[in-house]
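Counting the sequence shown from 1 gives a position; this note's numbering is that position plus 198.
What the hints contain is simulated information worked out from the structure, not anything from laboratory work. Take these hints with a grain of salt, some might be off.
Unchecked claim - Heads up, simulated DMTMM-like pairs for lysine to aspartate or glutamate below, C-alpha to C-alpha not over 25 Å straight-line:
1. Lys398 to Glu263
2. Lys342 to Glu395
3. Lys262 to Glu235
4. Lys247 to Glu274
5. Lys328 to Asp236
6. Lys342 to Glu396
7. Lys311 to Glu263
8. Lys325 to Glu434
9. Lys247 to Glu224
10. Lys239 to Glu396
11. Lys266 to Asp236
12. Lys444 to Asp394
13. Lys262 to Glu274
14. Lys239 to Asp258
15. Lys200 to Asp270
16. Lys342 to Asp303
17. Lys275 to Asp236
18. Lys262 to Asp307
19. Lys328 to Glu362
20. Lys311 to Glu434
As the list claims (entries may be wrong) - Ranges between beta-carbon positions, derived for each pair:
21. Pro345 to Leu273: 44 to 50 Å
22. Asp270 to Lys311: 25 to 31 Å
23. Lys325 to Asn433: 16 to 22 Å
24. Glu367 to Lys311: 16 to 22 Å
25. Leu408 to Glu263: 40 to 46 Å
26. Glu396 to Lys325: 42 to 48 Å
27. Asp300 to Lys444: 48 to 54 Å
28. Ser425 to Glu263: 31 to 37 Å
29. Ser248 to Leu408: 30 to 36 Å
30. Ala369 to Asp236: 36 to 42 Å
31. Asn341 to Asp300: 44 to 50 Å
32. Lys295 to Leu408: 22 to 28 Å
33. Asp390 to Lys342: 19 to 25 Å
By construction, the Cβ of each residue, glycine as well, lies at the ideal position given by its N, Cα and C atoms.
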Amino acid sequence: MKGKTIIITGASSGIGNATAKKLSSEGANVVLSARREDRLKSLADEITKSGGNALVVVADVTKKEDFKNVVDQTLEKYGSIDGLINNAGLMPLSYVKNLHTDEWDTMVDVNIKGVLNGVSAVLPTMKKQKSGHIINISSSAGNKIYPGGAVYCATKAAVKMFTEGLRMELAPNFYIKATSIEPGAVDTELTDTITDEEIKEDFVSQIQELTPLEAEDIANAIYYALSQPKRANINEVYIMPTEQDK
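Based on the provided sequences and hints, a complete structural model is requested.
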């Protein structure tokens, strides 16, 4: 990791926050991106005080011009882009019959289009370098459906499939790796976006009955994938809480 430059979206909390701390502690330059500038600056200060290097670039992943600005500022300061962690995501679960269509649209925009925007922004640089690593945060929900998760699971399945497509096309020709990280329940702010009261009662109560993963667990999985030698591409990391049965 030492001297490598990694862009992290959704860095203001949860998995993104923990990953930034982990990678910076291993010597990486981390580019912190999200919409909440105050949290990003606080994280950057913490990293800097610990001897790390961090750059804050406020961005909305649904806007291509924002991602272009992230790339431009990254190249200006560090000169390369060695990794992108597409971590920004939303999980406003709801039963289809309740027609939370605005939330469906938002999930597609953030969870799928946000990933596409990130890849399209960094790819020209990585192709030129003939190196790089794209890590997309999918979910265990991308592998199995459950009531109330129809749209969310569909977005995460799309991320999983897109990541494998990236690996097949980019790794053999440009030495650009691609990894899908697929966690089960993680103790983050993700459930805070659920507004459907019916599913809140069903889903949140189930989660409260088990010991979830911590964001640091996912950060360690990301580090594992990133730290492999050039010859090895970790395609998927599927990581579940020990107590989670579905």
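(message) Are any of the numbered hints broken by this structure? If so, which, sorted upward?
(response) 1, 5, 10, 22, 27, 31
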